[in-house]
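Please construct the entire structure, taking both the sequences and the accompanying hints into account.
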Amino acid sequence: MRAAWVARVFLASALCLLGGVAFAHGVGEADQQFLTNSAGAQVMPFIYLGAKHMVTGYDHLLFLVGVIFFLYRLKDVALYVTLFAVGHSVTLLSGVLGGLHVNAFLIDAIIGLSVAYKAFDNLDGFQTLFGFEPPQKAAVLIFGFFHGFGLATKLQELSLSQEGLVTNMVAFNVGVEIGQFLALGAILIVMNYWRRTASFLRHANVANVLLMTAGFVLTGYQLAGYVME
Amino acid sequence: MTTDVSQAASMTRKQLIVSTVVAIAVAALVLFVVVLPAEYGQDPTRIGRLIGLQQMGEAKVTAEAQVGGEIAHAHDRKYRTATIEINVKPKEELEYKAVLAKGEPLLYAWKAAGGSVYFEFHGEPTEGKWPKGYFRSYEIQEKSDAAQGSFTAPFTGQHGWYWRNLTEEPVTITLEVAGYYTKISRIGS
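From first to last, the protein sequence lines are chains A and B. Each residue of the first sequence is one higher than the one before, counting from 47 in my numbering. Each residue of the second sequence is one higher than the one before, counting from 4 in my numbering.
Misleading hints may appear alongside valid ones.
As the list claims (entries may be wrong) - Here are some of the chain B residues that sit facing chain A, going by a computed Cβ distance under 8 Å:
no., residue
1, Met14
2, Leu19
3, Ser22
4, Ile27
5, Ala30
6, Ala31
7, Val33
8, Val38
Just so you know, these hints were derived from the structure itself, not from any lab. These numbers were taken from a predicted model, which means no experiment stands behind them. Note that CB positions come from ideal geometry on N, CA and C, so glycine has one too.
So this is what it looks like as structure tokens:
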């Protein structure tokens, strides 16, 4: 019985991950070409790039799924997503402005860990294993800081010119929030539908184990990249 | 998540440990069997080669290590060379450009004798759909008396130099070019 359950989790996570892991996540070559050739303030292009980065950024999206997994009230969703947005905006803006160059592999590894952390937290893992749970709001804010550093490294890859830097960076940040809002909408629709089914609570634990697995794979993927760099 | 009422039944301590260990094990398996071979061409388990992923990763790694595009390609066009002397009067500005098809190379070297010049190496397309007035700048130097290099045309068009004599004396520019251009000439007057 237990063995069958373990086998099912194992099989499901393997299948799920095979499908989703093999995309590189940076800025597209054509987008980069455009930006390298253009100087000055480019409001709409940077808004678009920020939104595109978020909507196609499975690491940020998996973290969001983890964060809102058990948030049923829209008020709570808004609160936590705001904390996340404040967190990543602070480090995105200060990282780019301060010319802070963090290693993209290490930051992305931490972002992977944030996914695993949130999934483990959703399983009530800290309470069950250690008898205490780190404050959730603080965790989302702090991981938001790390996600922001990740966004900053992506923006810095675009070899930004000093001309129009602040405008472009703010536009990128606005785009990130728009992208997050759109992605969140889609995630919430699916989650709400799923929550209404009788099987939700039965599958919630398995889903979070899968989420944790995905987080570990992302972490390993980035750490391996760091080692081989 | 103690504040939420409708939450999944908590796992027992044992279930939680098993789940976490399984998650780590699956992650490690996926990482070593799929991700490392496919992304980095590293195949510690030898399974990557069997399922054809390692080759993909290797191709990715070798492609990154090399310059893009073709290394060698045959040219149908006639190979041309030219050495051109260009006299630029004090404060005069002029343009010399070569007509090159997309992807065709040009080797160039020029020297200005008698003074320094401002230059912009640039090109504008002559066929295809482009925004009105489109040109692309390859290199700008505010004050210079020589430049040399190799160039591959990013699009079919006229590619060359805008020079401006910065001095009150005449300057003679000696331009040497070699490559698969079809024509090189002064633009305008």
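Results for each hint:
| no. | hint | verdict |
| --- | --- | --- |
| 1 | Met14 | holds (6 Å) |
| 2 | Leu19 | holds (5 Å) |
| 3 | Ser22 | holds (5 Å) |
| 4 | Ile27 | holds (6 Å) |
| 5 | Ala30 | holds (3 Å) |
| 6 | Ala31 | holds (7 Å) |
| 7 | Val33 | holds (5 Å) |
| 8 | Val38 | holds (5 Å) |
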